[in-house]
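Asks: So the sequence lines, in the order shown, correspond to chains A and B.
Going left to right, the first sequence walks through residues 180 to 613 as the numbering used here numbers them.
Going left to right, the second sequence walks through residues 180 to 613 as the numbering used here numbers them.
Keep in mind the hints are simulated off the structure, nothing from the lab.
Source: prediction; values computed, not measured.
Don't be surprised by glycine CBs; every beta carbon is placed ideally from N, CA and C.
Be careful, since some hints might not be right.
Stated by the list, open to error - Here are some, though not all, of the chain A residues that point toward chain B, as calculated from beta-carbon distances under 8 Å:
#1 Val275
#2 Tyr424
#3 Phe511
#4 Leu603
Number of protein chains: 2
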Amino acid sequence: METTLIKNLNTKTDQEVLIKGWVYNMRSSGKISFLIIRDGSALVQVVVVKKEVGEEEFAKIAKLGQETPVIIKGIAKEEPRSVGGYEILASNIEIVSENKSEYPITHKEHGVEFLADNRHLWIRTPKQTAILKIRSEIENSIRSYFQKRDFVLTDAPIITPAACEGTTNLFEIDYHGDKAYLSQSGQLYMEAAAMALGRVYCFGPAFRAEKSKTRRHLLEFWMVEAEMAFMGFEENIKIQEELVYTIIQDVLNNCENELITLKRDIDKLKQISLPFPRLSYSEAVEIIQNSDEEFKNFKWGEDFGAPEETYISNKFTSPVFIHRYPTEIKAFYMKPDPTNDKVVLGADLIAPEGYGEIIGGGERISDLDLLLSRIKEHDLPQESFEWYLDLRRFGSVEHCGFGLGLERTVAWLCGLEHIRETTLFPRMLHKMYP
Amino acid sequence: METTLIKNLNTKTDQEVLIKGWVYNMRSSGKISFLIIRDGSALVQVVVVKKEVGEEEFAKIAKLGQETPVIIKGIAKEEPRSVGGYEILASNIEIVSENKSEYPITHKEHGVEFLADNRHLWIRTPKQTAILKIRSEIENSIRSYFQKRDFVLTDAPIITPAACEGTTNLFEIDYHGDKAYLSQSGQLYMEAAAMALGRVYCFGPAFRAEKSKTRRHLLEFWMVEAEMAFMGFEENIKIQEELVYTIIQDVLNNCENELITLKRDIDKLKQISLPFPRLSYSEAVEIIQNSDEEFKNFKWGEDFGAPEETYISNKFTSPVFIHRYPTEIKAFYMKPDPTNDKVVLGADLIAPEGYGEIIGGGERISDLDLLLSRIKEHDLPQESFEWYLDLRRFGSVEHCGFGLGLERTVAWLCGLEHIRETTLFPRMLHKMYP
Chain A
180 METTLIKNLN TKTDQEVLIK GWVYNMRSSG KISFLIIRDG SALVQVVVVK KEVGEEEFAK
240 IAKLGQETPV IIKGIAKEEP RSVGGYEILA SNIEIVSENK SEYPITHKEH GVEFLADNRH
300 LWIRTPKQTA ILKIRSEIEN SIRSYFQKRD FVLTDAPIIT PAACEGTTNL FEIDYHGDKA
360 YLSQSGQLYM EAAAMALGRV YCFGPAFRAE KSKTRRHLLE FWMVEAEMAF MGFEENIKIQ
420 EELVYTIIQD VLNNCENELI TLKRDIDKLK QISLPFPRLS YSEAVEIIQN SDEEFKNFKW
480 GEDFGAPEET YISNKFTSPV FIHRYPTEIK AFYMKPDPTN DKVVLGADLI APEGYGEIIG
540 GGERISDLDL LLSRIKEHDL PQESFEWYLD LRRFGSVEHC GFGLGLERTV AWLCGLEHIR
600 ETTLFPRMLH KMYP
Chain B
180 METTLIKNLN TKTDQEVLIK GWVYNMRSSG KISFLIIRDG SALVQVVVVK KEVGEEEFAK
240 IAKLGQETPV IIKGIAKEEP RSVGGYEILA SNIEIVSENK SEYPITHKEH GVEFLADNRH
300 LWIRTPKQTA ILKIRSEIEN SIRSYFQKRD FVLTDAPIIT PAACEGTTNL FEIDYHGDKA
360 YLSQSGQLYM EAAAMALGRV YCFGPAFRAE KSKTRRHLLE FWMVEAEMAF MGFEENIKIQ
420 EELVYTIIQD VLNNCENELI TLKRDIDKLK QISLPFPRLS YSEAVEIIQN SDEEFKNFKW
480 GEDFGAPEET YISNKFTSPV FIHRYPTEIK AFYMKPDPTN DKVVLGADLI APEGYGEIIG
540 GGERISDLDL LLSRIKEHDL PQESFEWYLD LRRFGSVEHC GFGLGLERTV AWLCGLEHIR
600 ETTLFPRMLH KMYP
């Protein structure tokens, strides 16, 4: 008999089904037991009646501990009052194995340290399962978006000889005697790939050896980075907002149960609309200076921190682009605005509700001499960038791109307090077990 | 006017189009020039007639160097004799930028060292572009396969405290004072995820610090690893062969032009059929011992090397599973065959045509005591595996999984001599630039 996933029970109304899962919860009277079973796809209530399964069997079932694995045969019944709208009237329950001791994560509250140390078990709880499924949906949404638009997926290398923006926040590795670093961005490689393939993206892990402990940072995170040849600043912004909007719609359409499990305020996501508002950095600075907040003495030329970003994003219901940042505070490869070279044709996308920057992007310098002088100004070793400079020596064209941080996006769409719950096994300062 | 990708010219027959790309090749007579333009999506011949564009313009165009970026307006014409079946009668050609010197990679033969050092430019050539597109197609095919079958994508961590199978071939990093390693497999983490979500997979980079230089190995490669709860050896094999078969069909259906560019013998891929042949290790040893090859003195208990794998795979047109290897030569977590504990319920999938192992997989030990004794036998530090042991203490069920190496699969389907061409910027011994 074929196994049915709990989430597909609605295709089996009044039929006999076989489900395989683990006991999540249970309550029992003398004659009837109600098991809540999870199989990874969803939860379902299983009703066990003593006179159906027999005295001996019923006694065994009534003692089942949390997380005991079971294989259940029974009839799937529509039951609007039950979790998921279905329940199973059990005819047979097979206990697959016995737990070695009581399950550590009970239905009581546990401290975050304890949960983090037991991450391998914590991920079995409904909230963590819901987050991981939404993450998977977001990743699939991103890939479909690019695939439908003729982007070629080109994985960037992780082991890199030089750093995009200095080596201070890099993990160093010994590469058979040579110094190497874990990549914090695939962008430069994507620029090379865009000149070969037109439109490309990479989607993989990136690393920042930051010594800070915040609820917005992980030392290992995933990033999707797109790069487009023959494309400038404005079109870049459009691709970004359409991508983010598509992700939101996919999550709303395909993860309703998970959002409910997370008690996410879905209206906040539903009210987001295209186009996203755009503010120049200078306009954003004005808003901040006109505020009554502690940062009202913010000066043009400084970079925004989390409080400034939150203040600005709270003025909008959709994510907001802040563009044309001061050249001084942005990366060496950013193209200056032709009408004002004090600012660059770059933009960050700030998520609503205080979730911070989820995208950074912009147009790249395509002029060889300007790029050379920027590399010198930033004290970068030119010999490491010769291949990158070649992209301006041969076939140089207007091009642009952006990078979206996956974990920040997951945290925002799930409405999470802390980014550590956005990935299977988060890597944080002094925390890499399990 | 909207840009048309060259590969989509067949939707614009006899219409005016705008294309943006680079000069790949050209020949000119006194009155007419033929440019071959590439835009990353495909190649097209552009016909420039002197009396159409004017004397001055024509003279400029006739001198265009390889890889000069151009924007071309013209009429798309069906032309079966031209590359791609279309050509463009140009009305206007805009030169976007001039190259700083002659393009290094000409249409002559170049040495592999030179090409590898110029990988950022080498990827613009038709063969490399075709390989990268097939790689992208394979990755999309893999993801669709799992998504359609209710697998949840759960990215495994790259920075890991301990090693799956010893630390000899691992890259070590300094994790803020702690020793850490770059992951060579996400499998153990996938086992934890499968107990939470039922069916899971990860798809990301993996690392092996091997000191060998072979045409089959990279130090950084991508691997897709799937893990399924409540599933055993036989079903695992079926999922693998269906996955590989699906990949082949997707590449045949969607990458015909790329396979032709690579001069791939397509019949060899078309004749592959389901189910794939299965051989036990013992049967494979017998075949080898009965051969007239130099390895005919191979003894039961030894591991197969490339020559043995190639000899066996040459007996089949489809990939072949070799299963039930000696327990001694396989990883500590592999489940022994209940009918003969000298062998394990694991299988490798060997690609045809000498491309070697592309999948390793099997059923895992679900019994706590057996796993504990294996960890001791293999001299592994038990405290590093406590969380992994917990998966047998709580809710332990039959489970299995496998890992498919992306680059090996790309090399095979593209028919490549060397694995270094299967990825954007390969990482090899003493080679990490660009």
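Asks: All hints are to be evaluated individually against the structure, with a verdict given for each.
Replies: Comparing the hints with the structure gives:
A distance limit of 8 Å between C-beta atoms decides the matter here; for Val275 of chain A the minimum to chain B is near 5 Å, and the interface restraint holds. Interface hint status for Tyr424 of chain A: violated, as the beta-carbon distance to the closest one in chain B is roughly 21 Å, over 8 Å. Contact between Phe511 of chain A and chain B, as hinted, is not supported at the beta carbon level, the nearest pair being about 17 Å apart and thus beyond 8 Å. With 8 Å as the threshold, the beta carbon of Leu603 of chain A comes within range of chain B, its nearest partner Cβ sitting at about 5 Å, so the hint holds.
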